[in-house]
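Throw the hints in and build the complete structure from the sequences for me.
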Amino acid sequence: MREDVGRDSFMKLKFALCLLLLSGGPVFAQATDTPLLIGGCQGCHGASGQGGHGIPSIKANHSRDEFIALMRAFSANERPATVMGRISRGYTPEQIALLAAHYARPQ
Amino acid sequence: MTLSRRVFLSAAALPAGLAAPNLARAQAGAGRVVIIGGGFGGASAARFARDNFPALNITLIERSRSFTTCPYGNLVLAGRRDINFITFGYEKLAARGVRVVHQSVVAVDAAAKQVRLADGAQVPYDRLIMSPGIDLRWGSIEGYDEAASERMPHGWVPSLQPISLLRRQLEAMPDGGRFVMVIPDNPFRCPPGPYERISMVADYLKRAKPRSKLIALDAKNGFSKQPLFQDAWAELYPGIIEWRGASNDGRVTRVNGAAMEVETEFGEKLKGDVVNVIPPQMAAKIARDAGLANQSGWCPIKPATLESAQVEGIHVLGDATIAAPMPKSGYVASSHAKHAVACIAASLAGRAPPSATFFNTCYSHVGADYGISIVGVFRPGPNGFAEVEGSGGISPRNAALTAERRKEHRQLEALYADGWYDSITDEMFG
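Top line first, the protein sequences correspond to chains A and B.
For this note's numbering, add 2 to where a residue sits in the first sequence, where the first one is 1.
For this note's numbering, add 6 to where a residue sits in the second sequence, where the first one is 1.
None of these hints come from the bench; they were simulated from the model.
Backbone N, C-alpha and C define an ideal beta-carbon position, used for all residues, glycine too.
All clues given are correct.
Only part of the chain B face toward chain A is listed, based on derived beta-carbon distances under 10 Å: (1) 50; (2) 337; (3) 384; (4) 418.
Residues of chain A clear of chain B, computed beta-carbon distances all greater than 10 Å: (5) 72; (6) 103; (7) 105.
Structure representation (structure tokens):
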């Protein structure tokens with residue numbers, strides 16, 4: 003039952019997002035950007051960012067600031083990485099901020 | 007939200023054409039989206055649409071009841087995975103509310119906005135997504151037709167020929183035998199694929215038939231992740247692999263299936279105990295019949311929305327498209343899919359398309375616990391697509407890493423390849 007309650011508030015959130023989607027151009031673009039952007043993460047880190055096969059979880063592991071700092075460190079080659087240095091340099095600061103908002107711990 | 011979702015779900019069970027009731031049609035962004043092809047592009051499009059755009063009515067048309075991936079096919083060839091591991095069904099996509107129709111498409115009528123199936127049914131659409139994959143250019147190498155491909159398997163299009171045929175021939179090959187590979191010029195499906203295959207065949211030969219050789223005859227002079235592959239071949243498989251590029255008479259122009267012999271541009275004849283011919287390719291027939299392909303045999307698309315540059319109302323995804331510098335890879339097809347669906351949803355709602363960022367990571371297994379990768383992030387550019395400057399590229403070469411870090415890097419990328427495979431196939435079929 004508790005899960006249902008959680009699901010219900012999630013649906014309410016989705017509903018609110020849908021209203022936003024319907025309400026105007028720029029908001030629409032932003033709201034669609036996140037599901038598109040996370041496609042680059044999901045391919046390895048999984049649908050919700052949970053990781054697996056040694057691939058780290060990125061789901062609620064960091065604050066927004068930590069997430070952004072981590073991506074900056076990857077793109078500056080200041081943190082050892084296999085693919086993340088090469089990947090992180092492909093995204094704009096705005097896109098990284100959207101990813102941080104999506105994956106970071108709720109604040 | 008819950009109510010409209012229920013209305014939609016019950017609508018999904020109705021026959022095509024009646025599927026979108028007036029109520030749903032009246033919703034902003036509602037519409038009938040038909041997807042042709044249930045591979046990486048089509049299956050990802052269906053799932054992404056279901057998860058993110060409940061007002062869209064999604065029909066996926068795929069002639070096969072199961073899908074065997076090209077990725078990890080080379081590991082099946084090497085005996086490191088089972089064919090069942092790389093084969094998936096469409097049941098879960100159907101359970102998520104995608105109307106899955108197992109039929110061949112015989113014609114696309116873009117003017118009437120409907121698709122005709124082999125059983126005679128007409129499927130109307132508001133927007134069409136085609137992710138048709140590739141066909142092989144039979145006869146472009148003289149003597150290489152469908153009959154010859156039984157003797158000399160391609161193992162390149164799982165729906166035409168399972169990788170298990172080449173696997174059986176490899177297993178039957180005598181120790182001390184010769185495995186000949188014929189590799190095409192660009193563009194073709196999965197640029198690093200032939201070289202992963204060289205690696206995986208060598209991995210098998212080293213373990214099971216160590217006196218054997220592999221000769222790869224290539225119609226070009228360079229290939230994807232070349233320095234990484236060649237470093238690894240020297241390290242892992244010394245004396246087993248000989249790769250010959252076009253300037254070293256690597257281009258094969260003729261094959262003789264009965265004699266198990268291939269002939270190069272300058273007339274050298276080579277016999278193999280197993281001969282794997284990966285022939286030149288083009289967009290699949292249904293795309294060419296629909297008028298989507300140009301003279302190259304591939305489909306030009308508009309970079310911002312992935313709509314066909316030749317036929318209105320049709321979005322084209324994946325290997326069939328002209329999308330360089332993006333490779334013809336499963337991950338790119340999946341990335342195309344999500345963007346096309348978002349563009350369609352925006353268009354049906356009367357909005358501008360979202361900005362496009364496309365993404366690719368291709369891992370290759372070179373040996374046990376030895377993986378390498380190429381990464382790319384792409385956006386629409388002045389002429390087609392462009393890779394984001396400073397991003398992407400291949401794994402570091404051996405010389406750039408300490409011995410300890412090198413071992414760890416290769417091991418991690420082999421492990422991450424498995425993670426990638428699980429994630430992306432789960433997204434499509436889970």
